[in-house]
Amino acid sequence: MHPPQSNRSVTGMASSIEDSAPPGRGSFSRSARSGQPAAVTHLLGGTMRSVRVLGAIGIVLALAPLVLHSDFQLTFVTLALYSTLLGAAWNILGGFGGQYSFGHAVFFGLGAYVAAMLQVHAGVPAWIGLVAGVAAGAAAGAALGAISFRYGLRGSYFALVTLAMAEVFRIVANSVPFTGAGVGMMIELRTGLADLQFESRRGYYYLALVLALVALAVGSWVRHSRFGAALAAVRDNEDAARALGIDATRVKVAATALSGTLMAAGGVFYLQYFHYIDPSLVFGPSVSVEALLGPIVGGLGTVLGPLIGAFALALVSQIATHLLGEAPALSMALYGLILIVMVTFLPRGIGGLGKLVRLRARRGRDA
Amino acid sequence: MNSNATTAPGPSTGMSGAPEETLLAVQDLCSGYGPVEVLREASLSVRRGEIIALLGSNGAGKSTFINTVCGLVQPRRGAIAWMGRDITGSASPEIVAAGLIQVPEGRRVFPNLSVLDNLILGSYRRGRGARTANLERVLETFPRLRERSRQSAGTLSGGEQQMLAIGRALMGEPVLLILDEPSLGLAPVIVEEMFGLIARLNQSGLSILLVEQNVAQSLELAHRAYVMENGAVVFSGNRTELLASDRLRRAYLGA
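Top line first, the protein sequences correspond to chains A and B.
FYI, the numbering for the first sequence is 18 to 384, going by this note's numbering.
FYI, the numbering for the second sequence is 2 to 256, going by this note's numbering.
Where hints are given, some of them may not hold.
Stated by the list, open to error - What the simulated footprint calls covered on chain A by chain B, stretch by stretch (three residues with Cβ under 8 Å from a Cβ of chain B suffice, anywhere in the stretch; the number is not a length):
no., stretch
1, 238-250
2, 257-263
As the list claims (entries may be wrong) - The following label-pair restraints were derived from C-beta to C-beta distances:
no., chain 1, residue 1, chain 2, residue 2, range
3, A, Arg-207, B, Tyr-34, 56 to 66 Å
4, B, Glu-38, A, Ala-163, 25 to 35 Å
5, A, Leu-370, B, Glu-42, 57 to 67 Å
6, A, Asp-256, B, Ser-205, 19 to 29 Å
7, A, Gly-172, B, Glu-95, 24 to 34 Å
8, A, Ser-303, B, Tyr-34, 38 to 48 Å
9, A, Thr-64, B, Asp-29, 48 to 58 Å
10, A, Leu-80, B, Ala-98, 42 to 52 Å
11, B, Ala-98, A, Glu-216, 52 to 62 Å
If you are wondering where the hints come from, they were derived from the structure by calculation, not from laboratory data.
Quick caveat, the model's predicted, so the values are computed rather than measured.
Where is the CB? At the ideal position from N, CA and C, for every residue including glycine.
Next comes chain B alone, as it looks inside the complex (with noise of 0.2 Å):
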């Protein structure tokens, strides 16, 4: 399961010398429901190019997080900036026309619309025209959803449903995509398929946020890492200073 070597190409580091934008910025961010507070304080930014592993147990307020900077779960406290501009508390509809989408956790495709429906969703918040031209890049990217084009999304296989879900939000021209735990569920040879795509879709200039539970795979994957723990960042930095900690180990790793 670990080797990787001939799917996933590894990080790409082709992002020439010139200065890094900062793409997201989140401050001190805190949010809950209800009386529950699930994040406290948590912090985190993504560079333009880079693939951030967001990493921690169940919990740990991941997805808490990636809901709040996308408009799903309204913030307390903090700021949320995006390209420089602030977005705290923008709607979500505002939030994905500006470029940040998210594949929901759990490969959320419409079960009873067709795929090709399924894909035209994720245009929704761009013009008729565009939504053409990226069907048409999409179905390139992933050929086995032009076969099952006219089949309902609730039939795919759960590797399919996750490809699915990752095409519809290509849909959206993202600038920065956040994947919550796509290898959840999955068989490890679909795993490793899936960090190939999202190596080869970084590649092609995207940016990537990636939310996962697979520790070792997410690594080697990411420019950079954050590990959350009840609710904030308790560590972050670049694959090697991650693989030294300690904490990381014991924690994640089991040695």
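Isolated chain A (complex conformation) (with noise of 0.2 Å):
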């Protein structure tokens, strides 16, 4: 009678912020009635909106030093913007993909060791750096999602893995000499663009930007892409998507791997934005943390989620600190409770919150 595979509630929120139309009146009174809300994915479609709504983002976001003038407030979007793309990384394979992965710190912390050592011990510039780290992130999410992938690991167990290969990584960096064990690495201060150090806020604002909006823009293309149906598919049901002859394992791996070379991404500006790194900064669970939690919010499996997460929670924890003082681990504290009341009341996220009171206010007029 009932689907008996229908709407998984917390992984089943794949709308798009800026989905267009919802359904006529007539089909979505019925969904209404069965007390579902319908999050539709239309993949078709929709890329040149995708577009346009990035590029207007970008430039607002481009032009925003002009406005912001405290060394504060360019931090705080600074900072704010990093966590986008961290969220944004996250997103492609736990929003997109709905492989949730507790240990993005994993390739953080590769693409930020990666970095370092080149700049440490090669005397390389940074802008190689960040080249051969963001390919180490690649190449250790294709690594990961290939082991786990292939032997089917899904759900908790994938997330087990990836939070035990994290730790894996952080207690080697503690030990090899080559990462300057437990004391971590400090760069040398060198600024210039080839050096991604600046002298000013706004270089750093800058680089954060790009890096974030190419994030957001390989989203928008996952969303939209042969590729993302596919990864839609897979998420949705994975024996169906086999059944029509969709390779699921090397789908999954593909997320994993372009994942990954973003989140690296991620490592790398932190390094050359705080200049110095140690094993629990890079590779600890809080990093793991911020990077999933942002899309939650946000809307997981959206092309903006992780963008109004990321400002969202960046404006929470700026308020708390406000109020509480620099309290410890108050920030994890906090997060942990915005997580739980997140997941209970809003599960897709502040960019699904327009269409569900679009929704109850429908299902109201019905009754």
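Using the hints, put the two standalone chains together into the complex.
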């Protein structure tokens, strides 16, 4: 009578924020009656719309430094953009692909360490470090994806493997000499575009903006591409996807590699921004949590979800620090609370809020 | 429930007198999962234009059989030939591209994707050009899906989801369509409609392998049938032969 595999509430929030016209009222009232918000994903079309929306956001943010005068404001937006980058990276695999990683720090840390080691031990400019770090993230993503998905790991098992993997790397980085072990690594202060270090805050602002926009654009591409369609199909029902001739393992491995690539870029940015890394800073669980929290809060598997989530969280944590002071572990406790509230009350994130309200209103009228 | 005279036009016999080409030939197929051997030397063949029923109770190995044929489960022994070509051990993308496409059991649609996107994914292994033409053809066959094309597939009724699953498979331009228990969990009137559809698809030239527990209705439709038990084919023949078989009667028709 009822489809056994209908909406899984947590994973099934694959509607894009900029989703075009909702289906006609007649068809919608039906789903309202059945009590399920219809999260329709239209894979076809909408590409230009996404490009336009991202372009507009890019222009606004590129002009923002004209208005943001204080270093404080500029730093706030810079870090929110950096957080957007991490969220957008995680969202490729976790949101569009439905594979929840709890250990994205592994890619982040690898990117940061590869870039740091090249600069410190080989003395190469930072941009080469960025390229190499990103390549390391891609390779690690492909490897981790291949190992996990080849052997059919799904759901919590996949999450646990990623979590363990990040821990393994943290411990290794803590133990071997060429990573500086527990002392960590510090890169030389050498400003300039090729060195990805800047005298003014604006330089970092634009670096973060470019990286975040690239990550969001990749998300938009995934959302509207044939690859993304296959990924969404695998997320929704892997067996059915395979029956259509979609190579599920390959699609998931590719998504992990893509996600790892962008996450590694986040690690390199962190290195260039703070000039210092150590094993817990870059391989620690708080990095993994930061990456997954943004998209979940903003709207999982949507193009703009990571951006909305990152800015909302940055705002919340700023207010909390303001009110409560710099209590230790405050942000993590707060994030935990937000996560519980979001998953319970707003499983489709802030981005899904508009749709939910519209649906409620319509249901109210129908009743 | 047995009176299908109005909706199901019955098996097509209009295949002309030309020698019938064998599409699918499965010889002594064995496969299973881990230490469990499910299929024990099962053999079956489908000729072009036929509707073949694969019957058997729960756990007889029917789904494992078709999943092995479609490359979703690795065969252990035996041979699978498709249009004269050996495809034993080929991966499912390749098999789907060759025109051997199954509709999985239990109406497995992509619940969060729109009806349209579900259909489009069906032509994943086909070119972009073919997609538009296929889509028009499928929406022509299922006007209901056109009405609901922007709706998410998870909001469709059971019968509509089954239509969508079949439509999605048709998007891949099958030569042989394998249907795994299409009547499962559907209301009798919808089941009638389903069997009528299968007959029409067959008349339009599609060969069909129908996996069913609904023996009576399947036999009215099928040209030939195979009966599976414990992973092996224990009986095969045409409708009259099967209906005459005491064994089948005892096992499935309760007479």
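Here is what the structure says about each hint:
Counting residues of the stretch 238-250 of chain A whose beta carbon lies closer than 8 Å to any beta carbon of chain B gives 5, which meets the minimum of three for the stated coverage. With 7 residues having a beta carbon nearer than 8 Å to a beta carbon of chain B, the stretch 257-263 of chain A meets the requirement of three or more and the stated coverage holds. Separated by about 58 Å at the C-beta atoms, Arg-207 of chain A and Tyr-34 of chain B satisfy the suggested range of 56 to 66 Å. In this structure the hint that Glu-38 of chain B and Ala-163 of chain A lie 25 to 35 Å apart at CB holds, the actual value being about 29 Å.
Between Leu-370 of chain A and Glu-42 of chain B the beta carbon distance is about 58 Å. The supplied range of 57 to 67 Å therefore holds. Here the CB-CB span from Asp-256 of chain A to Ser-205 of chain B is close to 28 Å, well matched to the stated 19 to 29 Å. Between Gly-172 of chain A and Glu-95 of chain B the CB atoms are about 29 Å apart, so this pair conforms to the stated range of 24 to 34 Å. Ser-303 of chain A and Tyr-34 of chain B have their C-beta atoms about 40 Å apart, which keeps the hinted 38 to 48 Å range intact.
Under the hint 48 to 58 Å, the C-beta atoms of Thr-64 of chain A and Asp-29 of chain B, about 50 Å apart, fit the expected range. Between Leu-80 of chain A and Ala-98 of chain B the CB atoms are about 49 Å apart, so this pair conforms to the stated range of 42 to 52 Å. Hint check: Ala-98 of chain B to Glu-216 of chain A, Cβ distance near 57 Å, so the stated range 52 to 62 Å holds.
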